[in-house]
Amino acid sequence: AQSVTQPDIHITVSEGASLELRCNYSYGATPYLFWYVQSPGQGLQLLLKYFSGDTLVQGIKGFEAEFKRSQSSFNLRKPSVHWSDAAEYFCAVGASSNYQLIWGAGTKLIIKP
Amino acid sequence: NAGVTQTPKFQVLKTGQSMTLQCAQDMNHNSMYWYRQDPGMGLRLIYYSASEGTTDKGEVPNGYNVSRLNKREFSLRLESAAPSQTSVYFCASSVRRASYEQYFGPGTRLTVT
Numbered sequence: 001a002q003s004v005t006q007p008d009i010h011i012t013v014s015e016g017a018s019l020e021l022r023c024n025y026s027y028g029a030t031p032y033l034f035w036y037v038q039s040p041g042q043g044l045q046l047l048l049k050y051f052s053g054d055t056l057v058q059g060i061k062g063f064e065a066e067f068k069r070s071q072s073s074f075n076l077r078k079p080s081v082h083w084s085d086a087a088e089y090f091c092a093v094g095a096s097s098n099y100q101l102i103w104g105a106g107t108k109l110i111i112k113p
Numbered sequence: 001n002a003g004v005t006q007t008p009k010f011q012v013l014k015t016g017q018s019m020t021l022q023c024a025q026d027m028n029h030n031s032m033y034w035y036r037q038d039p040g041m042g043l044r045l046i047y048y049s050a051s052e053g054t055t056d057k058g059e060v061p062n063g064y065n066v067s068r069l070n071k072r073e074f075s076l077r078l079e080s081a082a083p084s085q086t087s088v089y090f091c092a093s094s095v096r097r098a099s100y101e102q103y104f105g106p107g108t109r110l111t112v113t
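Keeping their order, the protein sequence lines are chains A and B. As numbered in this note's numbering, residues 1 to 113 make up the first sequence, in order. As numbered in this note's numbering, residues 1 to 113 make up the second sequence, in order.
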């Protein structure tokens with residue numbers, strides 16, 4: 001069955017430190033991959049997406065993600081986090097069989113001052 | 001350009017009461033979606049509407065009904081609310097189903113007592 005796993009429920013990072021959020025997926029075909037961010041009390045906003053081509057994709061707010069087919073991963077990175085990055089981050093896979101998004105459970109990012 | 005709007009923002013219901021959650025988008029998108037978000041479970045699709053005049057069940061449709069009133073509006077109805085329907089509900093839209101990139105409203109926090 002198709003699934004998305006975000007192994008870390010919470011991650012705490014100091015302001016200015018680098019960040020990597022993990023996402024692993026299980027999907028038979030070439031996946032369409034997404035990262036969304038949800039600020040407290042808000043809806044979800046698309047950070048970046050991968051459909052094909054260059055496996056390193058750039059997104060908004062200084063985020064990037066790398067697709068690694070061999071590891072079935074699409075990890076999100078940022079070189080230096082800001083307090084405003086505190087939010088919940090969701091990884092999702094687009095299933096071409098039914099055009100639906102399959103969502104991970106989310107990772108809550110906490111920023112230490 | 002308001003994007004996706006949802007009303008109400010908060011609602012408390014007693015078990016057995018009914019209510020309708022409203023959603024509207026002004027981006028001329030064809031497809032619209034209703035999700036529920038529960039802690040540790042990511043987003044689960046309740047119903048979607050691929051285009052005006054069509055609706056289909058998602059992963060967790062039981063206890064809900066939807067209406068695609070026109071291209072802009074997609075409502076979600078709880079006929080007889082149950083405590084298990086306590087959740088945060090998000091409406092989203094996309095250009096079309098196969099575009100995957102979804103735009104979210106701010107959500108409705110529903111509590112059923």
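Simulated from the structure, these hints should not be mistaken for laboratory data. Quick caveat, the model's predicted, so the values are computed rather than measured. We put the CB at the ideal spot given by N, CA and C, even for glycine. Fair warning: there could be bad hints in the mix.
[To be verified] Taking beta-carbon pairs under 10 Å as the criterion, some of the chain A residues facing chain B (in silico):
(1) Y32
(2) Q38
(3) Q42
(4) R77
(5) C91
(6) L101
(7) W103
[Unchecked claim] Here are the simulated distance ranges between beta carbons:
(8) T12/A to S51/B: 42 to 48 Å
(9) E79/B to H82/A: 41 to 47 Å
(10) P79/A to G16/B: 50 to 56 Å
(11) N1/B to S39/A: 31 to 37 Å
(12) D26/B to P79/A: 32 to 38 Å
(13) D54/A to K9/B: 38 to 44 Å
Indices of hints not satisfied (ascending): 4 and 11
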